[in-house]
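Chains as they are written, first to last, in this note's numbering: chain G, 41 to 340; chain Z, 41 to 340.
Any given hint could be a false lead.
Pairs involving identical chains hold if they fit within one copy or between any two copies, as the list cannot separate such chains.
Stated by the list, open to error - Under the rule of at most 27 Å between Cα atoms (straight-line distance), these lysine-lysine pairs were calculated in the DSSO-like manner:
#1 LYS264 <-> LYS285
#2 LYS264 <-> LYS90
#3 LYS90 <-> LYS286
#4 LYS286 <-> LYS91
#5 LYS140 <-> LYS293
#6 LYS264 <-> LYS286
#7 LYS145 <-> LYS90
#8 LYS286 <-> LYS140
Because the hints were derived from the structure by calculation, they are not lab data.
2 protein chains.
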Amino acid sequence: MTFDNLKINTQTRLMPMIGYPMAQSSASLVYDCLLERFDINRIMWPVEIKKGELASFMQAARTLQIDVFALTMPHKADIIPLLDEVEQSSRLFNSVNIVKTVDGKTVGAGMDGKGCVGALREAGTKLEGANVMLLGTGSISGVVGYELYRSGIGSLTLLNRTLSNAEEVARRLRDNTGLAVEARESTPAELDRAARDADVFIQCSPLGMFGFGADHPYLGFMEKLPAHAVVMEAIVNPPMTTVVKKARQLGLKTIGGVAMTMAQIAEIFEFCFDVHPDAEDLEVCTRVWCNHFGITPDQL
Amino acid sequence: MTFDNLKINTQTRLMPMIGYPMAQSSASLVYDCLLERFDINRIMWPVEIKKGELASFMQAARTLQIDVFALTMPHKADIIPLLDEVEQSSRLFNSVNIVKTVDGKTVGAGMDGKGCVGALREAGTKLEGANVMLLGTGSISGVVGYELYRSGIGSLTLLNRTLSNAEEVARRLRDNTGLAVEARESTPAELDRAARDADVFIQCSPLGMFGFGADHPYLGFMEKLPAHAVVMEAIVNPPMTTVVKKARQLGLKTIGGVAMTMAQIAEIFEFCFDVHPDAEDLEVCTRVWCNHFGITPDQL
């Protein structure tokens, strides 16, 4: 993989992406592609920072005049007490994945929710009044739920293997939005029940993710989804999960994890650099990303 | 300036160059050119680190797994107590400009002396038994003197505006080598006297350097140099100093600061990466560097 026109000179600045592990990270491809397209003289540099090393990293960033960095697991919540300012919903749901420095102050925001809703809208999904079913209440479900609320959905059903996690996210969403939110254990019966009324199904669990070691034990509920339902997958690697495959077999409209990542990175570029990647920019970056995985964009 | 084939991917490592100020730094051009030629997946990244910030930088380097970095003023001496191991002559003359990590230990070396002697040899200069005249006993004169001694020169005359500095460097060279070293104040009379017997004249002072604000008050001594004398300039910017111009007018053989820098960077690549840049590699990099300054290699 090369970026033929990337400029490196004495004015080049870094934009680290920190997390652990990072060996499988492919998002930097997309960042570098966009940095190049917008002629921003920066390099996205993935670096492994383990849990507990975040304060050291913040110190290193100050020393090396690093004014923008992206972060992924396991730091999305841990970063919050180390920042000067945090965007409100990101603080509420403990999910920050981008930090910029403004007038010497560190400002963090989480773009997972905006990315999810951005990709849904980009694909023409009607969200106003929609019944949304969301499986997996890990780190991003809260911000996703919050942005769905802001988009005017009618109701949200959260399903999770551990019910108490789903209940906690539901409570926080209800308290802060007034949205109709239910929490359910992700048993086959509850999945079936939620699917019947769902206009949108969002897969947010790590099941089926590369390296996670387990896939969905039951996907029969997808057969209960209405024919007009839209299926969204948050997982990026593999590019086509069992959920996406099943949805396609059922003739349902699908939105893959890559589209969600692209929409999220577009939000990050607006936040950090005040530039606005359009559909063509994201198409070009998607092609770069697909080339890396040896697939074609129509396979997404 | 672009490096069209520079690869940036998730395995890319940094090679910072630290110093202050760095806005005028052009050496990174040469490093990146060589990294590319040897297919070493690293980026030379110039970053400003001020005096007193070196310990913070070392901490940042550990956090970010930076295993190789170059350094320039004002850090060449300050770095020494912060390293696990320092090459002997570099420690003796307080001049380290490259640090690598080996088995978790930081190892520093100074390549100014080796670069100087390397460029002299590359140009075919006979050093065995030569009388060498060196003007300016700042940070690099000691290591240059030491490498000249190792090359078998006959005598060394150090000239400096502040005599005590020259005497200190001379004393340390005599104590550690047994070489015949004299220290003189750089008055016109002393310069004239030294020039008459010099086979090699090395200009190591900052006089005439871009941004230094002063040039040589007296260069008449160069007319006293023997016709076979070789004139070497340590200054890189401007590419052609008043000393080089004068030497050319006098028909003397000249070796510019760029050649010295190239030879030094070749030494650094051997030290860090165990690769051996040859004349062609350095020619290509010299062209890149010249393009940056809008000059042609024959103007050096």
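Each hint tested on the structure:
1. LYS264 <-> LYS285: within (16 Å within a copy, 86 Å between copies)
2. LYS264 <-> LYS90: Classified as neither; 42 Å inside a copy, 64 Å across copies.
3. LYS90 <-> LYS286: Result: close neither inside a copy nor across copies, 35 Å intra and 58 Å inter.
4. LYS286 <-> LYS91: Answer is neither; intra-copy 36 Å and inter-copy 61 Å both fail.
5. LYS140 <-> LYS293: Classified as neither: same-chain Cα gap 36 Å, cross-chain 53 Å, threshold 27 Å.
6. LYS264 <-> LYS286: within (12 Å within a copy, 89 Å between copies)
7. LYS145 <-> LYS90: both (24 Å within a copy, 21 Å between copies)
8. LYS286 <-> LYS140: neither (39 Å within a copy, 52 Å between copies)
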